[in-house]
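Peer 1: So you can see what is in the structure, the chains are spelled out below.
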Amino acid sequence: MHLHRYEKWWITFGIGSLVLFLIIVGIGAFHQGHQPPSSVKTINYEQVDKVTPFNEPGLTKVSGKDWDYELVVVASAFMYMPAEVEIPVGSTVKIIATTKDVVHGYGVTGTNINMMLEPGYISEYVTTMDKIGEYLVVCNEYCGTGHHTMKMMYKVVDVNE
Amino acid sequence: MASGKRNHKLQEEEQSLKGTLYAVFGIGIFVIASWFAVFSIFTDRF
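Sequence lines, in order, name chains A and B. Those letters in the first sequence? Residues 95 to 255, by our numbering. Those letters in the second sequence? Residues 497 to 542, by our numbering.
Some clues are possibly wrong.
As the list claims (entries may be wrong) - Ranges of calculated distance between the beta carbons of each label pair, as one might list FRET restraints: (1) A/134 - B/535: 47 to 55 Å; (2) A/114 - B/512: 27 to 35 Å; (3) A/240 - B/517: 54 to 62 Å.
What the hints assert, rightly or not - Which chain B residues face chain A? A few, computed with CB under 8 Å, are given here: (4) 513; (5) 517; (6) 524; (7) 526; (8) 541; (9) 542.
Said to hold, decoys possible - Per the computed footprint, the stretches of chain A lying under chain B, defined by three or more beta-carbons under 8 Å from a beta-carbon of chain B, are: (10) 147-158; (11) 165-176; (12) 194-208.
These are calculated hints, taken from the structure and not from any lab test. C-beta: ideal position from N, C-alpha, C; glycine also.
Modelling step: build the complete structure from the supplied sequences, incorporating the hints.
Peer 2: Here it is, written out as structure tokens:
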């Protein structure tokens, strides 16, 4: 098969880009542990209010774990519990969230936190909140007539101030 | 007929693909630059 010299350059460039991309994605997945936030742990969505930790939504300090705080969130039409949370800057937080009724979204604007909350499943995300600010949490899966009013607020604050 | 075919083949081989090369590499570099720009936003955020 005859290939033009320029075509060979382009094929090399294309395959090189693909390899580079796969290496970056591979490092993210296997070295840094990026994974989908849900589908591993399940829960009976009708019993969410009675099951630990969802019976007490909110921010709790924990010790002996890879993270400093656990933020338990329960979503339902059309609200999040808790509605507001204050997080000390620099702390590593594990967000543990689920829904009591339909599919909801959990997108923290201006961050990489963006999960789908599905009935019967627990979604988790671990991150270090290293930037002071207020972050609006919005539902980005259409969930009903009050969808657009569904929100929560993260306040990442400097506790020494 | 036969000579016309040969002429056509000759023309194809002599065609310069420089414009194509620049266009394709231009798009390729744009795609990669955009990818890294978005990736830097991803790594910058928590």
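Peer 1: The structure should be examined with respect to each hint, and the outcome stated for every one.
Peer 2: Evaluation of the provided hints:
Remark: the range hint 47 to 55 Å for residue 134 of chain A to residue 535 of chain B is contradicted by a beta-carbon distance near 26 Å. Range check, residue 114 of chain A to residue 512 of chain B: Cβ separation about 30 Å, and the 27 to 35 Å hint holds. Hint check: residue 240 of chain A to residue 517 of chain B, Cβ distance near 55 Å, so the stated range 54 to 62 Å holds. Among the interface hints, the one on residue 513 of chain B holds; its C-beta lies about 5 Å from the nearest C-beta in chain A, closer than the 8 Å criterion.
A least Cβ separation of about 4 Å between residue 517 of chain B and chain A falls short of the 8 Å threshold, and the interface hint therefore holds. About 6 Å separates the beta-carbon of residue 524 of chain B from the nearest beta-carbon of chain A, less than 8 Å, and the hint is met. Interface restraint check: residue 526 of chain B against chain A, minimum CB-CB distance 12 Å, threshold 8 Å, status violated. For residue 541 of chain B, the suggested interface contact is upheld, since its CB lies about 5 Å from the closest CB of chain A, less than 8 Å.
Interface hint at residue 542 of chain B: satisfied, since its Cβ lies 5 Å from the closest Cβ of chain A, which is below the 8 Å cut-off. Coverage of the stretch 147-158 of chain A by chain B is violated [criterion: at least 3 residues with CB-CB distance below 8 Å; count 0]. For the stretch 165-176 of chain A, the stated coverage by chain B is not satisfied: 0 residues place a CB nearer than 8 Å to a CB of that chain, which falls below the threshold of 3. Coverage of the stretch 194-208 of chain A by chain B holds in this model, with 4 residues showing a Cβ closer than 8 Å to a Cβ of that chain against a need of three.
Comparing the model with each earlier hint shows violations of hints 1, 7, 10, 11; every other hint is respected.
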